[in-house]
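With chain A's structure known, arrange chain B on it following the hints.
Protein chains in written order, with our numbering: chain A, 1 to 263; chain B, 1 to 340.
Hints in this document: simulated from the structure, not taken from any laboratory. Some hints here could point you the wrong way.
[To be verified] Stretch-level coverage of chain A by chain B, calculated; a stretch enters the list once three of its residues show a Cβ under 8 Å from a Cβ in chain B: (1) 28-34; (2) 51-63; (3) 122-134.
Cβ coordinates follow ideal geometry from the N, Cα and C atoms, glycine included.
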Amino acid sequence: MSAPALSFHDVALRLGPRDVLSGVSFELGAGEVLGLAGPNGAGKTTLFRVATRVLRPDRGEIRLEGTPIAALSRRALARRIAVVPQDVGVPFPFLAGEVVLMGRAPHRSGVGFESAADVESAQRCLACVGIEALADRSMIELSGGERQLVLVARALAQEPDVLLLDEPTAHLDLRHRAVVLERVREFAAAGGAALVVSHDLNLAARSCGRLALLADGVLAACGPPAEVLRPQLLRRVFDVEAEVLAAPDGAPLVVPRGAGRPV
Amino acid sequence: MKVLTARAAGQRLALLAALLGAALVLGIAAGPSGIGVGDVLRALRGDEAAGPVADIVLRVRLPRVLLAAAVGAALAVAGALFQALLRNPLADPFVLGVSGGAAVGGILALSLGPALGWGASAVVPSAFAGALVTTAVLYAVSGVRGRVSATQLLLTGVVFNAFASAGIVFVASLAGLTEGTSLFLWLIGSLSAVRADAAPMVAVFVALGLACALPLLRDLNLLSLGEESAQQLGVDVGRVQRLLLLSTSLMVGAAVSVAGLVGFVGLIVPHLLRLRLGPDHRLLVPAAALGGAAFLVLCDTAARTLFGGRELPVGAITALAGGPLFLYLLRRHHLRSFAP
Numbered sequence: 001m002s003a004p005a006l007s008f009h010d011v012a013l014r015l016g017p018r019d020v021l022s023g024v025s026f027e028l029g030a031g032e033v034l035g036l037a038g039p040n041g042a043g044k045t046t047l048f049r050v051a052t053r054v055l056r057p058d059r060g061e062i063r064l065e066g067t068p069i070a071a072l073s074r075r076a077l078a079r080r081i082a083v084v085p086q087d088v089g090v091p092f093p094f095l096a097g098e099v100v101l102m103g104r105a106p107h108r109s110g111v112g113f114e115s116a117a118d119v120e121s122a123q124r125c126l127a128c129v130g131i132e133a134l135a136d137r138s139m140i141e142l143s144g145g146e147r148q149l150v151l152v153a154r155a156l157a158q159e160p161d162v163l164l165l166d167e168p169t170a171h172l173d174l175r176h177r178a179v180v181l182e183r184v185r186e187f188a189a190a191g192g193a194a195l196v197v198s199h200d201l202n203l204a205a206r207s208c209g210r211l212a213l214l215a216d217g218v219l220a221a222c223g224p225p226a227e228v229l230r231p232q233l234l235r236r237v238f239d240v241e242a243e244v245l246a247a248p249d250g251a252p253l254v255v256p257r258g259a260g261r262p263v
Numbered sequence: 001m002k003v004l005t006a007r008a009a010g011q012r013l014a015l016l017a018a019l020l021g022a023a024l025v026l027g028i029a030a031g032p033s034g035i036g037v038g039d040v041l042r043a044l045r046g047d048e049a050a051g052p053v054a055d056i057v058l059r060v061r062l063p064r065v066l067l068a069a070a071v072g073a074a075l076a077v078a079g080a081l082f083q084a085l086l087r088n089p090l091a092d093p094f095v096l097g098v099s100g101g102a103a104v105g106g107i108l109a110l111s112l113g114p115a116l117g118w119g120a121s122a123v124v125p126s127a128f129a130g131a132l133v134t135t136a137v138l139y140a141v142s143g144v145r146g147r148v149s150a151t152q153l154l155l156t157g158v159v160f161n162a163f164a165s166a167g168i169v170f171v172a173s174l175a176g177l178t179e180g181t182s183l184f185l186w187l188i189g190s191l192s193a194v195r196a197d198a199a200p201m202v203a204v205f206v207a208l209g210l211a212c213a214l215p216l217l218r219d220l221n222l223l224s225l226g227e228e229s230a231q232q233l234g235v236d237v238g239r240v241q242r243l244l245l246l247s248t249s250l251m252v253g254a255a256v257s258v259a260g261l262v263g264f265v266g267l268i269v270p271h272l273l274r275l276r277l278g279p280d281h282r283l284l285v286p287a288a289a290l291g292g293a294a295f296l297v298l299c300d301t302a303a304r305t306l307f308g309g310r311e312l313p314v315g316a317i318t319a320l321a322g323g324p325l326f327l328y329l330l331r332r333h334h335l336r337s338f339a340p
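Next up, chain A with everything else stripped away, as it sits in the complex (with noise of 0.2 Å):
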């Protein structure tokens, strides 16, 4: 059996007082969308950086096919992971075409210009979620939501094996959430492996065939959603009292009815 596409091993991370990553060991297998939930503060984009190497973890290990990722070059590792950030700073009036061409820098060497090949793997990778038409506006003119969409563009141009992606969705309307969530069920179905940060567990449950639950730095339950999505876990992840129906297609469907504790 080959290898995992990502696999924790005991990470663990400390920053300042507070353990922000205890002992998390999973895995991402190619083809494979998992979920990943938890309150704020619980780790989620902590465990994207140290997946990237922007923080080394304090101990573990977390490998790429197997390969540690502090064997791999930066580059190398840019190659592979691509990551969709929740929003990006723009100081300065890039164009959302250019900033989705940025997704090509791991796969070019030296200082030069893009061939005409990354121009249409970028124009490709626009259209792909509907925004060809952004293309020759600034992002200093787009709304949230327009960002978010050249954010995933600019991480699909990165030809990545893995795709994480923190709340990719928030910003989005109903009809784009959907577009987003399609590509990343298509870049998983062509072998890709993907990590989706969401606070929408009905809608992580339904499009992500595993559920990871972080609390505190410490993987609470890694499994189906139907497994996952319980009154009693989910009380103890979110301090929240909810109860879990079936939705008519059979999917589960998290109705919370108020805090555990009154605020």
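Here is chain B on its own, set in the frame of chain A:
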């Protein structure tokens, strides 16, 4: 989809180079001696027919316009680099206090030089050291992690500038350099008291600074959208920052050591060029070198000739133009920027 190609970038740079050439010829010709453009070209070609004018052109005017060009290029490029590194269009070596730090270094060498047996050229490396220390402290204080807020940046700059001014006056007073106009010219920025013996070293420092920065401009595009995002696109952020820190210090040190505190060039030139050429640093930074050179040659020519026999310090001209632009940018920046 609009894409910047090497060809389009080359055409724009060629246009700016032509503009710089014209500015240089104009800068050499302009003045009370009534030299024509034809005389300038003849003298530059070494034509005997140029006669006594050749002496003025080659010995007086040419070194001055070339130094103005080098200083302008250095300050404009340093401004563009600081803006990208700090992700803030308000950054400028003068506003940030880096020029002030270089000036402290320069004046230290001027004051202590004779006692230590240093030549006049020691001013350049000493100003470079001053710029380097200031930039390093600026980075440490303003917290490079994440985007530096405009307020934090400007406050740091205000404090650095006050400190640098005090340092300059302190050292100059102790060394007895306060007599005459040299301290005044150093503080306001001027090319009138340039010592030609420093020119080769200035040229070397500016060239080294540019050579350091040019291979990193694509990485700088990525870095200008945030450190984390740049790392995730394969940029070795620490290395790029260190090299550009070195590059800006080399250029600011060289510029300040011959011209003193010429302000706002690094703010005005990249801003105007960004409006015309867009923010891609692969074009913007070389364009800032050519445009900054042309800009300061023209400003210095204006400073020499606008008021007949009375010469203005060039720093007064750039500050008169730069102050209002800075306020305009500050207002617009607050209205249009958003946090990451």
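### Message
Flag every earlier hint the structure violates by its number, smallest first.
### Response
Structure breaks hint 1 only.
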